Amino acid sequence: METTFRIKTSDMDKKFLDMLKKLFKKKEIEITITDADADETSQLLSDSKNRTHLIEAIEEVKRNKNLVSFSGDEFEKYSKSLLKK
Numbered sequence: 160m161e162t163t164f165r166i167k168t169s170d171m172d173k174k175f176l177d178m179l180k181k182l183f184k185k186k187e188i189e190i191t192i193t194d195a196d197a198d199e200t201s202q203l204l205s206d207s208k209n210r211t212h213l214i215e216a217i218e219e220v221k222r223n224k225n226l227v228s229f230s231g232d233e234f235e236k237y238s239k240s241l242l243k244k
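Sequence positions in the sequence shown follow the numbering used here and run 160 to 244.
Just to be clear, a hint being listed does not mean it is correct.
Quick list of in silico lysine-lysine cross-link-like pairs, DSS-like style, CA-CA up to 30 Å [to be verified]: (1) Lys244 / Lys180; (2) Lys184 / Lys236; (3) Lys244 / Lys186; (4) Lys184 / Lys167; (5) Lys224 / Lys208; (6) Lys174 / Lys184; (7) Lys174 / Lys185; (8) Lys184 / Lys224; (9) Lys243 / Lys221; (10) Lys224 / Lys236; (11) Lys244 / Lys181; (12) Lys181 / Lys167; (13) Lys173 / Lys186; (14) Lys185 / Lys167; (15) Lys244 / Lys221; (16) Lys174 / Lys186; (17) Lys181 / Lys243; (18) Lys221 / Lys208; (19) Lys185 / Lys173; (20) Lys186 / Lys167; (21) Lys184 / Lys173; (22) Lys180 / Lys167.
Ranges of calculated distance between the beta carbons of each label pair, as one might list FRET restraints [claimed, not checked]: (23) Lys208 / Thr168: 42 to 52 Å; (24) Arg165 / Leu204: 16 to 26 Å; (25) Leu213 / Leu242: 26 to 36 Å; (26) Met178 / Val227: 34 to 44 Å; (27) Gln202 / Leu176: 25 to 35 Å; (28) Lys221 / Leu179: 21 to 31 Å; (29) Ala197 / Asp170: 15 to 25 Å; (30) Asp198 / Thr168: 15 to 25 Å; (31) Glu219 / Ala197: 22 to 32 Å; (32) Val227 / Glu199: 18 to 28 Å; (33) Phe175 / Phe229: 38 to 48 Å.
Honestly, the hints are just simulated from the structure, not real lab data. Computed from a predicted structure; not experimentally measured. In this text, a Cβ means the ideal position worked out from N, Cα and C, and glycines have one as well.
Kindly produce the complete structure, drawing on both the sequences and the hints.
Structural data, given as structure tokens:
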């Protein structure tokens with residue numbers, strides 16, 4: 160199970176810790192702290208595999224390759240079907 164919490168340090172209190180303990184019971188968990196204000200683009204480009212994938216995806220968009228398009232109604236219908244699962 161993977162869960163992401165976005166929380167201000169001022170809101171981290173005993174209640175938050177109690178909720179974590181209840182959610183994960185007696186399991187060992189790993190907590191990673193990331194500055195949410197950090198530049199996400201730089202972070203995404205810092206990994207060479209990810210950078211290559213993003214650059215290739217950008218080039219495909221420029222060439223109108225591997226694109227999927229749909230109407231607003233189609234999007235609504237598909238979104239609702241996902242929520243029912």
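Would you say the C-beta atoms of Val227 and Glu199 sit inside 18 to 28 Å of each other? This hint holds: roughly 24 Å between Cβ atoms.
When you check the alpha-carbon spacing of Lys184 and Lys173, does it fall within 30 Å? This hinted pair holds, its Cα atoms lying about 16 Å apart.
Given a hint of 42 to 52 Å, does the C-beta separation of Lys208 and Thr168 actually sit inside it? violated (32 Å)
Would you mind confirming whether the straight-line C-alpha gap from Lys184 to Lys167 stays at or under 30 Å? Roughly 23 Å between the alpha carbons, so the hint for Lys184 and Lys167 holds.
Against the 30 Å threshold, does the CA-CA distance of Lys244 and Lys221 hold or violate the hint? violated (34 Å)
Hinted pair, alpha-carbon criterion (30 Å max): Lys244, Lys181. Please report holds or violated. holds (26 Å)
Indicate whether the distance between the beta carbons of Phe175 and Phe229 respects the range 38 to 48 Å. holds (39 Å)
Could you say whether the range 25 to 35 Å given as a hint is met by the Cβ separation of Gln202 and Leu176? The hint (25 to 35 Å, Cβ to Cβ) holds, given that Gln202 and Leu176 are roughly 27 Å apart.
Look at the Cβ atoms of Glu219 and Ala197 and judge whether their distance stays inside 22 to 32 Å. holds (27 Å)
For a C-alpha distance cap of 30 Å, please report whether Lys185 and Lys167 respect it. Holds, at roughly 25 Å.
Does Lys236 sit within 30 Å of Lys224, going by the straight-line distance between their CA atoms? Distance of about 25 Å is within 30 Å: holds.
Pairwise beta carbon distance, Ala197 to Asp170, judged against the given window 15 to 25 Å: Because 19 Å falls inside the window, the suggested range holds.
The structure shown violates the earlier hints numbered 2, 8, 9, 15, 23 and 28.
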